[in-house]
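With chain A fixed as given, assemble chain B onto it according to the hints.
Below are the chains, spelled out letter by letter.
2 protein chains.
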Amino acid sequence: MSVLPPALTKLIEAFGSLPGVGPRTAERYAYYTLKHGQQSSAQLADALSSLHEGVSYCQKTFMFVASGQELSDLYTDPERDKQLVAVVAEPFDVVALEKTGQFRGTYHVLGGLVSPIDGIGPESLHITELVKRVGDDTVKEIILATNASVEGESTALYIQQQLAGQKVTITRLAQGLPIGVDLEYADQITLGRALENRRAL
Amino acid sequence: MSVLPPALTKLIEAFGSLPGVGPRTAERYAYYTLKHGQQSSAQLADALSSLHEGVSYCQKTFMFVASGQELSDLYTDPERDKQLVAVVAEPFDVVALEKTGQFRGTYHVLGGLVSPIDGIGPESLHITELVKRVGDDTVKEIILATNASVEGESTALYIQQQLAGQKVTITRLAQGLPIGVDLEYADQITLGRALENRRAL
Chain A
138 MSVLPPALTK LIEAFGSLPG VGPRTAERYA YYTLKHGQQS SAQLADALSS LHEGVSYCQK
198 TFMFVASGQE LSDLYTDPER DKQLVAVVAE PFDVVALEKT GQFRGTYHVL GGLVSPIDGI
258 GPESLHITEL VKRVGDDTVK EIILATNASV EGESTALYIQ QQLAGQKVTI TRLAQGLPIG
318 VDLEYADQIT LGRALENRRA L
Chain B
138 MSVLPPALTK LIEAFGSLPG VGPRTAERYA YYTLKHGQQS SAQLADALSS LHEGVSYCQK
198 TFMFVASGQE LSDLYTDPER DKQLVAVVAE PFDVVALEKT GQFRGTYHVL GGLVSPIDGI
258 GPESLHITEL VKRVGDDTVK EIILATNASV EGESTALYIQ QQLAGQKVTI TRLAQGLPIG
318 VDLEYADQIT LGRALENRRA L
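Protein sequence lines correspond, in order, to chains A and B. Plus 137 on top of the position in the first sequence (first one is 1) and you've got the working numbering. Plus 137 on top of the position in the second sequence (first one is 1) and you've got the working numbering.
No wet-lab data here; the hints were simulated from the structure. A hint or two may mislead.
When chains are identical, the list treats them as one kind, so a pair holds in a single copy or across two.
Unchecked claim - Here are the simulated lysine-lysine pairs, DSBU-like style, with alpha carbons at most 35 Å apart:
{"hint": "1", "residue 1": "Lys147", "residue 2": "Lys172"}
{"hint": "2", "residue 1": "Lys277", "residue 2": "Lys172"}
{"hint": "3", "residue 1": "Lys304", "residue 2": "Lys147"}
{"hint": "4", "residue 1": "Lys172", "residue 2": "Lys269"}
The structure displayed is predicted, hence computed values, not measured ones.
Pulled out of the complex, with its shape left as it was, chain A reads as follows (with noise of 0.2 Å):
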């Protein structure tokens, strides 16, 4: 004998599944749904149903577009610089970059990062393209903007050494201090880097 009605237990699996959602959390998730009526699980159902027909992706910078797009605005764009690239694990981090509102340039998503635990090798990214594109576009200026973790930094040493002997100029993000964070509070690697890459001022 069950607690739960099935239709209840079948959305709380589902819930559960999506990541960093364990059994509590999918409960709340399916009560509150529950409770707020037919229109707000409607709106969620039907934005899932739509989500893949709807979305594709850029054939130049592998960014999300709208399906039967195939290039992405931020690539078409005449006022973005096609020699200047950020190149980014994820689509969300051109999401992040654009909220700077500083970068005019454009982007290559490259679908993830290097990573040999998860049996991620740079074949499975989207590496060639990218030295593709800094021919087509006489790319001048690369800009690795990959997290400051293991994996980030390696995908960045691979990216550098594919890149080797073209005419670009390959430049990091920099590394220090967040801003609005106490000095104290920063953990040592950072602090190290901070200092490491101090400037003049």
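Just chain B, lined up with the frame of chain A:
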């Protein structure tokens, strides 16, 4: 010019309406759903679509039941003592109590707690049905199993007043130190309650 395709923005918004889900978490859910193929999102969409038609409430205990079922199995089960009733705020409190495996009585779900600040008065809870049930089922003991919060306490007090004059024992869940928690980390109210309710060995 939006950075994300509309199908994705729509899903992020829908996920963002779930309780405790901020924009970053909603993005993460949406991206995960996108990456994990059409099957997992179809599963969640199906579960959502069939939720409201699949779930109903027990006419006696107000616990979830499968649609078409009038009474909860937790009530109709002849092994369960109908003269012992645990009163809880929400249906998932029943799930929590069932997990202990120690309760063989029946339940009564109030559907919330008295909370003037949120505009929830006792008349919007299933309290009159509880009072009626005490007579109908000749209930011998009511366990007020509401939270040890201000709302939980005042709801318990209100129910106690409503049942005054009826021949029924009213009990409340024990309050004290949670198992596995160090005494020095317990908050002062809990510790005070534990001291007040100390037991002779």
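Any hints from earlier that this structure breaks? Give me their numbers in increasing order, please.
-> Hint 3 alone not satisfied by this model.
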